[in-house]
Structures are given as structure tokens and as C-alpha cells.
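Please put together the full structure from these sequences, using the hints given.
Quick note, the sequences are listed as chains W, B and Y, same order.
Anchor point for the first sequence: position 17 equals 17 in this note's numbering, and the numbering is continuous, going up by one each time.
Anchor point for the second sequence: position 118 equals 215 in this note's numbering, and the numbering is continuous, going up by one each time.
Anchor point for the third sequence: position 337 equals 597 in this note's numbering, and the numbering is continuous, going up by one each time.
Check the hints yourself; a few may be wrong.
Claimed, not checked - Here are some, though not all, of the chain W residues that point toward chain Y, as calculated from beta-carbon distances under 10 Å:
id: 1; residue: A7
id: 2; residue: G14
id: 3; residue: I15
id: 4; residue: H22
id: 5; residue: L24
id: 6; residue: I43
id: 7; residue: G46
id: 8; residue: A55
id: 9; residue: I65
id: 10; residue: V80
id: 11; residue: T84
id: 12; residue: S86
Quick caveat, the hints were computed from the structure, so don't treat them as lab data.
Idealized CB from N, CA, C, for every residue including glycine.
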Amino acid sequence: MVSGIFAVLLFAIGIYCILATHNLIRVLIGIEILIKGVTLLVIAAGLKSGNLALAQALVITIIVIEVVIMTVAVGVVLGVHRHTGSLDARNIRKLKG
Amino acid sequence: MFLDILILILLAGAALWTVMCRSLLRSAIGLALTSALLTLMIFKMNAPLAAVFELSVCAGLIPVLFISVISLTQAMTKQEVIKHMKSRLARFWGLPLVIIILGILLGLVSARFRAKLPLSEVEVDPRLVLWHLRQLDLLGQIIILFTGVFGVVVLFKERKKSG
Amino acid sequence: MCASLILIPFISVLVLNLPIRGIKRLAFGLAVFLFLLQMAAVLIPDPAFWKINHSFCANIFNFELGADILSKVVLFCIAMVSSVTLFSAPAFIKNSDEKFNFINILLIAVCGMNAVAMARDIFSLYVFLEIVAVSSFILIAFNRDMPGLEGAFKYIVLSGVATVLMIAGIALLVLIAGSTNFSLVHYMLITQNKSLIAGLAVGLFIVALFIKSGLMPFHGWLPDVYTSAPAPASVLLAGIITKVAGVYALVRIMVSMLGFSVSIQSILLFAGAVSVILGALAALTQSDFKRMLSYSSISQVGYIILGLGSGSVLGIAGAAFHIFNHAAFKSLLFINSAAVESRLGSRDIDKMGGLAKQMPLTSLTSVIGSLSCAGIPPLAGFWSKLMIIIALWLVGFKSYAVIAVIGSVLTLAYFLVLQRKVFFGKPSDEFKDIQEAGFSLSLPAIALAILIVVVGVLSPWLLKGFILGFVPVLGG
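This is the structure:
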């Protein structure tokens, strides 16, 4: 139960970071913190319902996927930097609308 | 139980620091610290295998990835940094307050809320679960690693024309 | 059989990357062959064929997969749109190394989408959704130009948030049901009382998949991503990737795992209706060819969700048929936009005009695609919209049926605007010596147009069996 509350807090921190920051790397860090929160939630759910083995298997898969996504995301960020010379997310936001 | 809550509070604090601190480099280190604390918590929750993965991959590999990007792209002058700091403060000062209030609220709500859960006591080895029941996920892991390889091949290649 | 649809594309990727001289030249042919094979396999009606489990595979692998008629429709669409994408790629990707990479990533995406279509476990579904997502990030950023990278980054962030919400939902299901298998979770959800946690989990899944399928109010990323992706990638994205990763996943989770309740249905219907109307209205005001098609896509996804929201067999069958129709006409229209873009070098429809003379094939096929999208009989799009509207009316959501009809009129309106501005009207002097698009873009367009007409004409004879096929999908 307590872990659940802290997972929600980590969610809040991550979402706030994604919304408020102006830096592409920090957006990725925000997503990382979201994933940290969800990892905690999965393990806590497994512990609470007596399915810890299943939960561990799920978490291992989640971690592998997380690494691949971050690698690709970093590739995209480097590409943006190559074009604009900065990591400012406001360059990206102009596409909106 | 007290130790658990202490670790969780430290975890949330580390995440806050990661998000709020000025330097990107410290943010990446803060992420590693967050991961390390999470590892400790997962270990305390009796899930050692997942904890090892979290420690080696999330606390080790991903911050290294970020730090290498930061070192490849660092281009701010000192004035820019100072200007940037002020605007950051304006955007982020509310976060700790929000988090503390949210935490208290959730604590109050959850105190009145008791879920009844079906408990199954069978404790099995996670390795067995992964290799026998979740083979499709394993195949998925292999495929996604390959996708990542192609991603690196396509995205990290230097452009021939413009450079 | 089911497992081989995942394993064969993956093994062919592995084989293509072996260090054998000249093997790279086989990539195109092999991919075409695989897609045709998949389309042929789906059309085999014999249920025993789908249960074949080679003893070799059965000894090593233990995959939980299944293929009912809903999965088969999606499997067919995947092969169809992928082969169209493959044919259109050479017009835009000249470098042979890049073409080879493109084919590899396409095969991996197909492999992931096939697995999504057949998965019977919510966590496996998530894993393969991520494979599809990662391969589409790479495809969007494939040219490494600024718009593509921006679109890819946007998609990464949105998709990241959506999948995190989805894992949170999975965690809650593990908490209450102790399993991630569709039928087990379904059983637990029925037998247990409606708890707060179950409701929360359902909400998380719905929000996550609304983001992934680009429904209003979470549609902000979709036009940007479709517009910024390179032309072949946007055919694939609009035609099938977001449909499989968002819409189909939502339909599958609702039908096989969560089940329907009044509150869920009203959320689905409301979001669907809002998307239908606002998507069509937004499409009316666009001046960029691809952006107009993107908003049209949001509107058409709204129809699929309306069909799902009706909760009846007819509605789900209509939704599945509309997924197929959308894959056919939207990839056709994106191919047309690619043809126009490749000749004119611009996507601004205000500057175009009178292209019907210079590009007769593109013009004709785009008329067929637009009319099918607007639901004009006897084209295929008419029948699926009719099924959805009748299903809504029969279940008693009459106001939503009326909204669906109004949306259809709006669809016709924006396509008339598009046709008049691009293909008819006064020819502009700037584009006087434009020629018809090359073979690689007209061939898939003609094939899709013929398919739309043929399916539309044959529908009255085929629909009964098709709809009856969905009874076990909902019942089991």
C-alpha cells in the first residue's frame, strides 16, 4: 500500500518533469522516472498478491525494453542536436498545432 | 516497515533532486541514485533477481548513456546557464509542494481503504516462470534487442552529405 | 501456425543479415513473398490449419497465441499495407543500403504487429506493442531530417507515457487477478465484485490506448507525426501501425479481457463521437495534404470506437470491417499524397489544381479512396459504416447513430474540397509539365482501388458469414 503511494508520487514527479522542462534529455529523464514508479508498482503488486515470481519476470522484460527505447530516443536526440545545435525542446514544440 | 518507508522517502527525494537540480550531469547522476535506491527497495521486497537487473541496467547503463549524450552536446555559456537557472526556478518551485500535498492526501485516502485480495502462497522461482510460462516475452526481448540494433545502425550513422 | 507468423519474418531478418555475398539483393523479393504468403494464409478458412503445431516447435516453444476472425482481419491488413509500403519505398529511398535497412525494420514491425494481433496475454501484448513502437520511431526518423526527428521524439514521449500507464494497469490486474492471461483475468473480473482497483485498471488501459490510437482529446501528436514521417513510413503508420497498436489493442482488450459495462460503453461512445465530428471539422480547415488525411484518420478511428462502444456482435464486426477498410483507403490516399508530393515537391493543396489531366491514375484512385472513406455505396467503406450505424441504432444509442451519419456527410465535404483543390479546378501554371507518378507508386494505388471496389461489390454476399464469425469472438 505504502509502495503504491510512492509509485504515484514518482508518476507525479515524472509527468511534471516532462511537462515543465525545456530540455530534451530531461524529458527522457522524466520518462525514466515514470518507469521507475511503474517498476515499483509491479513489484509491490506481485508481493501483495503472492505472485512475486511473475512480477519479477515482468520487471526483467520491462527493463530490457526500457533500455532499447532509451537507446533509440538518445539517437533521435543526437540527431536533433546535429540539426539545431541545442537540446532545447522548444524547437520541437513549434510543430504543434 | 520503518526502514521501508525511509527508503521510499529517500527514493522520492532522489527523484525530486533528479528533476530539480540545475546541472544536467547531476540529473543523470541523480537518476542513477534513484535507481540504486529503487534496487534497495526491490531487494527488501524479496525480489533479488529483478533487483540485480535494475541495478546493473538502470542504475548503470542508462545514466552512462545519458552522460555520454550530455558530454557530446554540452554547449551552454555561463550567462546562458545563469539565465536558464532563473527560468528553471520559476517553473519548478511548485513541484516539491505538490508532491508533499499529494503524498499526504494519498496517505489519508489509503488509510480508509482496505482491499481484500486473493492470496496464493505458491512461491516459484522467477527463472522458471520466465523460461516456461513467458517464452513469448523472451522472444519479444530478443526481437526488440534486434530492433534496437537497427535503430543504432540507422540513427547513429553520420550523414554523408551535410555532416 | 500462429507462432510461425511471428517466427518466419524474424528468422528471415536474421538470414538476410548473415554475411553472405549477394543476400541483400534478395531482401525485397523475400519480403514481398512473405507478405503475399501471409495474405494467402489468412484466407484459408480451415480452422484445423490454424491449430497446426509442428512437433518441433511444440517441443521447444510454448507460445500462448490464438487467431479468431478479428485477428485474421488484422493479420490480412498488416500484410496488405506492408506490401504496399514496400512497393512505394523505392520511389523515396534510393540508396541500396538504406533500402535494405528499411526492409529489415519493416519486417520487424510486421513481426511485432502479427504478434500483437494474436497475443492472448496482456503483458505479451505490451511487449510486442513496444516492438512495433520502437520500429516506428526508427521509420519516422529514417531520413534523419529535422521534421522526422521532431515527429519521432514526440511519438517517443507520448508512446512512453501511454505504455507506462498500460503497465500500471497490468500491475493492478496482477494485484487483483494474479495473472496476465486474457481468459483468467476475464474470469476473475466477472467473479469478483466490482472493486475500485478494477475500475482504476480499466481507466488506465482506456487512457493509454486512447493516446496510442490518437483519439480526441489525446490526438495532438498524430497529425504532426504523420506529416513529418517520410512518405512510405506515413503510409505504414496511418494505414496499420496506429490501428494495430491503438485501436485493435483496445478492441481486443475490451472484447477478450475487460468486458463491457454501461460506464465503459458511454466513455467509448462519447470519445468516438467527439473524434468523428471534431476530426472531420479539423480536416476541413487544413491546407496540407497529409495533415488533412491525418485528421481524417482521427475521424475514421472514431467510427471504429463507436462500433466497439455499441458492444454488440454487429458493432464489433463493423469495427473490424472498418479497420480493414481504413487500412485500404487510407493507405491508398497516403500513396496518392506521396505520388503528388514526389512530383510536385509540395503538399500545399491551395497551390495545386487541375492535376487530373496530368496524373489521371492518381486522380482516379484517389476519388475511389475518398468515396470509400465517405461511405458512398457500393464501395467497401459504405458497408462498414452502415453496420456500425445499424448496430448503434439497434442497441438504442440512436443519437450516436445520427452523429455517425452527420460525420459521414462531413467526410464527404472535406474530400470534395480536397478533390476540387488538387485534381480538378483550374490548372496552375507552376505545375504544367507534371507527369504521372512512377510505376512503383501507381501499381499499389491501382491494386488497392481494385480491392476496395471488389470488396464493396461482393459485400452483400459475404457479410452474413463475416458477421456470424464474430459470435464466438464475443461469446468466448
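Hints and how they fare:
| no. | hint | verdict |
| --- | --- | --- |
| 1 | A7 | 8 Å, holds |
| 2 | G14 | 8 Å, holds |
| 3 | I15 | 8 Å, holds |
| 4 | H22 | 14 Å, violated |
| 5 | L24 | 7 Å, holds |
| 6 | I43 | 9 Å, holds |
| 7 | G46 | 6 Å, holds |
| 8 | A55 | 6 Å, holds |
| 9 | I65 | 5 Å, holds |
| 10 | V80 | 5 Å, holds |
| 11 | T84 | 7 Å, holds |
| 12 | S86 | 13 Å, violated |
Of the hints listed earlier, those the structure fails to meet are numbers 4 and 12, in rising order.
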